[in-house]
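Q: Start from the sequences and build out the full structure, keeping to the hints where you can.
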Amino acid sequence: MKVRASLAEQPAAAAELKVLEAIINDAHFVSLHGPETTLIQQELRAKTGMTPDNQSKRPIDASRWASYQDMSEAFQNAQAIYRKNGQTSVTVDLGRVIGEGYLKGGGSYVQTTKAVVRFDINGKPYTAYPKLR
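Residue 43 in the working numbering sits at position 43 of the sequence shown; the count goes up by one each step and never skips.
Derived by calculation from the structure, the hints in this document are not laboratory data. Mixed in with the good hints, there may be bad ones.
In silico lysine-lysine, BS3-like type, Cα no more than 30 Å apart, as pairs [stated by the list, open to error]:
id	residue 1	residue 2
1	K84	K114
2	K114	K104
3	K18	K131
4	K57	K131
5	K84	K18
6	K104	K57
7	K47	K131
8	K124	K57
9	K114	K124
10	K131	K114
11	K47	K114
Listed next, with one range per pair, are the computed distances between beta-carbon atoms [claimed, not checked]:
id	residue 1	residue 2	range
12	M50	G95	31 to 41 Å
13	E16	D120	34 to 44 Å
14	K47	G86	15 to 25 Å
15	T113	E36	28 to 38 Å
16	G86	L20	19 to 29 Å
17	I23	V116	31 to 41 Å
18	R83	E16	13 to 23 Å
19	I23	Y109	30 to 40 Å
20	V19	S108	33 to 43 Å
21	M50	R83	33 to 43 Å
22	N77	S31	17 to 27 Å
Glycine included, every Cβ here is placed at the ideal spot set by N, Cα and C.
A: Here it is, written out as structure tokens:
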């Protein structure tokens with residue numbers, strides 16, 4: 001099953017999401033979960049807590065997006081839900097593999113169709129990641 005779309009196929013979505021991350025305080029959806037992060041980085045985070053941007057944190061489920069297009073679609077779907085009900089943590093299912101990663105501890109590789117997008121008190125998305133479980 002193809003998981004990663006060609007990064008060359010998605011320059012507009014990539015540029016938009018990188019700018020969005022840069023202008024939102026404490027946002028980290030591209031730097032920690034973007035398709036340019038590696039599975040090795042995600043496995044290391046799941047095992048040790050070391051993030052793709054070299055911060056030492058606690059081990060957690062760690063995932064990356066298959067493509068910027070998938071990330072953008074998840075953002076759009078989650079923002080529509082947020083606008084309807086103000087829910088600050090939104091889970092969306094895109095019905096196809098949109099991400100991959102490792103469960104906490106690093107033992108199990110998982111592909112997923114679901115994502116979580118979280119919004120701050122001002123309604124700005126500060127994180128978005130493929131949901132592994």
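Q: Could you run down the list of hints and mark each one as holding or not?
A: We went through each hint and held it up to the structure:
Of the supplied pair hints, the one linking K84 and K114 holds, its CA atoms being roughly 20 Å apart against a limit of 30 Å. A threshold of 30 Å between alpha carbons decides the hint, and for K114 with K104 the separation of about 17 Å falls inside it, so the pair holds. Taking the CA atoms of K18 and K131, the gap is near 20 Å; set against the 30 Å cutoff, the hint holds. Taking the CA atoms of K57 and K131, the gap is near 19 Å; set against the 30 Å cutoff, the hint holds.
A distance of roughly 26 Å separates the Cα atoms of K84 and K18; the hinted pair therefore holds under the 30 Å criterion. A hinted pair counts as satisfied when its Cα atoms are at most 30 Å apart, and K104 with K57 qualifies at roughly 12 Å. The straight-line distance between the Cα atoms of K47 and K131 is roughly 17 Å, inside the 30 Å bound, and the hint therefore holds. Using a Cα cut-off of 30 Å, the hinted pair K124 and K57 holds, with the two alpha carbons roughly 24 Å apart.
A distance of roughly 20 Å separates the Cα atoms of K114 and K124; the hinted pair therefore holds under the 30 Å criterion. The straight-line distance between the Cα atoms of K131 and K114 is roughly 5 Å, inside the 30 Å bound, and the hint therefore holds. Proposed proximity of K47 and K114 is supported: the alpha carbons are some 22 Å apart, at most 30 Å. A C-beta distance of roughly 32 Å is found between M50 and G95, which places it inside the suggested range of 31 to 41 Å.
The given range of 34 to 44 Å is broken by E16 and D120, whose C-beta atoms sit roughly 19 Å from each other. Between K47 and G86 the beta carbons are some 36 Å apart, a value that contradicts the proposed interval 15 to 25 Å. The given range of 28 to 38 Å is broken by T113 and E36, whose C-beta atoms sit roughly 21 Å from each other. Checked against the given bound of 19 to 29 Å, the beta carbons of G86 and L20, roughly 20 Å apart, stay inside it.
Taking the beta carbon of each, I23 and V116 are about 21 Å apart, not inside 31 to 41 Å as hinted. Between R83 and E16 the beta carbon distance is about 19 Å. The supplied range of 13 to 23 Å therefore holds. Restraint check, I23 to Y109: a C-beta distance of roughly 33 Å satisfies the suggested window 30 to 40 Å. In this structure the supplied range 33 to 43 Å holds for V19 paired with S108, their Cβ-Cβ distance being about 34 Å.
In this structure the hint that M50 and R83 lie 33 to 43 Å apart at CB holds, the actual value being about 36 Å. Taking 17 to 27 Å as the suggested C-beta distance range, the pair N77 and S31 conforms, at roughly 22 Å.
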